[in-house]
Amino acid sequence: MTEVVVFCVAAALALVGALGVVVSKNPVHSALFLIQTLMGVAVLFVLQEAHFLAAVQVVVYAGAIVILFLFVIMLLGVDKAEDFAVEPIAGQRPLAAVVGGALLAIGLTVMVVAVDGSTGTSATFDPQTGQPAETALDSIGADGQPITDIERIGRVLFSDYALAFEITAALLTIAVIGAVVLTRTVSRGERLDDLEPASFDLPPVAPHDNQPDHDSAGESGA
Amino acid sequence: MLALLAQQVPDFVRPDIDWHAAAPELTLLTFGALVTMMDIVWLEKGRKLTSIVASIGLLATMVPIITLAVDGADRSMFGGAFVVDDYALIMKAVFILTGYVVILLSTNYIAEGDYWENEYYGLLLSSILGMILMASARDLITIFVALELLSIPAYMLATWRKRDLKSNEAGMKYYLMGVFASAIMLYGMSLLYGGSGSTLLTDINESISGPGDPSAVVVLGIIFVIVGFAFKVSAVPFHTWAPDTYEGAPTPITAFLSVASKAAGFVALMNMLFVGFFGRDDVYEPVIWILAALSMTVGNLIALRQTNMVRLLAYSGVAQAGYMLAPLAVAGDVPDSALAATVGYLVIYAAMNLGAFAVVIAVARKTRTAEIDDYRGLFHWAPGLTVAMTVFLFALAGIPPLGGWWAKFRIMGAVIEANTAAGVVMGIFVAVNSVIALYYYARIGVKMWAEPAPDDDTAPVRVPVSLTSALVLTAAATIAFGVLPGLVGEVTKVSLLAGVGG
Amino acid sequence: MSDFLRSYLTVAIFGLVGFALVGAFLGLGRLLRPDKPNLAKTEAYESGVDPTGDMWSQSNIRYYIFALLFVMFDVEAVFIFPWAARLEAYEIFGLIEMAIFIFILLLGLLYAWRKGVLKWV
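Chains as they are written, first to last, in this note's numbering: chain A, 19 to 240; chain B, 11 to 512; chain C, 51 to 171.
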């Protein structure tokens, strides 16, 4: 019973937050509503006994990602107002409303129709035997202690998903490199326009050996 | 996640690593790290070396791919999440060689345009790493991580000319549409996982391909996953990003996006269709059929009206994606021919499309633009480029004896072989569209050969060595695949179905 | 009520107490303090200088890089945590995996440092 109450409250929090993200006029408010949604989802994770995921949800998403969003919003300038009255492409908004509504309807229908899972088996059932899969609390480790979800994650992460795990590191590093490249400005005193190679789509045909010295062009910035 | 976790063995089991099978990925990862380290140590002083190190990295990655191909055995790791078979090896080789040609196209362009060089090659290598990983990925999580690894560097590379607003627009559109597609696909994947309880494609297949109607969850999951990849391969109606991104991005990156990125989307799609969804052709065949028919028709019709060469190639690429999707629309009826036809088309398409972009880059070194009108009288000042462009355009149109002809022939063969009404109608679509496409390809040919040069400016253009070698490589491949069709036919006679019951 | 929810009951109680305390102190202050507003008092205090312009202002792109690096190491910590929780179970294999993982991420930090974006000029 408690679970049902907690679920309803958390789900309502998440849904209201999600609606708030979409309808808020001020993007900063949208970001704050997003925190509410993420918190609601974190509680839902707790209900699924995924305590570690709940903590990750709060620490990474609510704590770090939304902060990143806020920096971007402040960077783009919340003080700049934009006129939403004019549609850039005629008929775009009604179309978007229709498509969005249709997708929502399809999603809800699928959830209602498919309570039994795909072909008679669902996630809570073992696909091979058709028996209910053991729940998290049932499983006992080799030493007789119950296995926590953090251990379960560790086990698959460092065995079955070892490759994906290492690739994730590469992905994060690329994110940093890309952000540095895209946000870096040339050294002080030089305006970007001065360095513009050409106003055309393609670079100028300068003989390779006649290139300007790049360090003096201030690219390194160091 | 818990249901999956509950089925795991009780204690941590150290996975068996087949170092030979993982060698291509590890080599490329090492070289990617090496390029980054060079940048960290030498900063801009090392910029002349990075393109060389990156090319060496790609060629070094070919070594384990070749030894694996010689060895010939199918290898599998991580419970089937990472598979090395003939199909994976062919696609890895395509990605590596495409990447090599793109580096050849890039060296002068990037250096002379005064763009960041070190990061450019580092990001290019990581994108290719994502692609070769995708060729082996047989698991939802690995597929998703590989997709992100190949996409995220590509978003940044598209906006590399960051002093140009058009390039910013290109990167922005590509990024927004790309993450939107990722989100849809991820939702589809979560539905599939929810419906089957596993992230392994073979397990998913076992769970969803049973007799009887599929459940609504599975249907929606399959459709969302296909839609996600349809963005990646720029199939209509999910193609809208392609022309603007292609036009704004640096041209070598446009070539990379239109060949390697598109091929990676197809590889992922084929992994899903032939391993994950096999037996559920009642769901995916109609979806793919509509995408294929729309892509080739809309792509070709819009291409007729283009005045910019890159935009024309973008729409022609949309149409080509339609041709490549066509055999997948009958994948359930004739799986082996359909797979071989699409893989074969991808191989040949890589050669001819890269070649066409190489010519665009070479011509733009003089004309500064990619307007089709500037190709008038090309023969008078660049006869070599004119011949090469004619070869590539006629190959794209599918005229014998060039590579594109054989590729299209096999597409027709596969859809007719299916012997279903849908297959035959698809065959008619392919035939009609080939005729439409011939018109705009031939129109460029006429402009190049028969019309006078604008302002009678016949000063020759200096084509650097790397660009020339790229042209020679792609032209040789395009012609060889056409006159020796057995070559690509033998190589691409692959099957993905070894691990699947069907 | 199941065990795991009971353990989170403490968390909920602490949260409620926190909100209640803040509300109580602010409410008490409101009740006790004299309330005589004038224009000078209600103005935002900005180190003694007269405030100008809107309080929303555009922030520097540098904050973004720092926030991104923070996200990166946050995610790194998330992956290190399951490893650290059962360090001995993953043996030398897990150690090597984690070493490669951290090495690749370190490249990103070194890169940002070497390119000078960590300097606050």
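Hint data in this document are derived by calculation from the structure and do not stem from the laboratory. Accuracy of the hints is not assured; some may be wrong.
[Claimed, not checked] Derived lysine-lysine pairs resembling BS3-like cross-links, with alpha carbons at most 27 angstroms apart:
1) B:376 with B:172
2) B:172 with B:55
3) B:172 with B:183
4) B:55 with C:91
5) B:376 with B:58
6) C:169 with B:172
7) B:503 with B:376
8) B:58 with A:43
9) B:503 with B:176
[Claimed, not checked] Have a look at the derived ranges for each label pair, beta carbon to beta carbon:
10) A:93 with C:123: 33 to 41 angstroms
11) C:113 with A:122: 15 to 23 angstroms
12) B:471 with A:37: 54 to 62 angstroms
13) A:119 with B:300: 17 to 25 angstroms
14) A:25 with C:74: 29 to 37 angstroms
15) A:123 with B:314: 32 to 40 angstroms
16) B:300 with A:123: 42 to 50 angstroms
17) C:85 with A:125: 46 to 54 angstroms
18) B:52 with A:120: 38 to 46 angstroms
19) B:486 with A:66: 51 to 59 angstroms
[Claimed, not checked] Here are some, though not all, of the chain A residues that point toward chain C, as calculated from beta-carbon distances under 7 angstroms:
20) 76
21) 92
22) 108
23) 128
24) 169
25) 172
26) 174
27) 180
28) 184
29) 188
30) 189
31) 190
32) 191
33) 200
34) 201
In this text, a Cβ means the ideal position worked out from N, Cα and C, and glycines have one as well.
Under the constraints set out in the numbered hints, which ones does this structure not fulfil? Of the numbered hints given earlier, those the structure breaks are 4, 7, 8, 9, 10, 11, 16, 18, 20, 22, 23, 26, 30, 33, listed in rising order.
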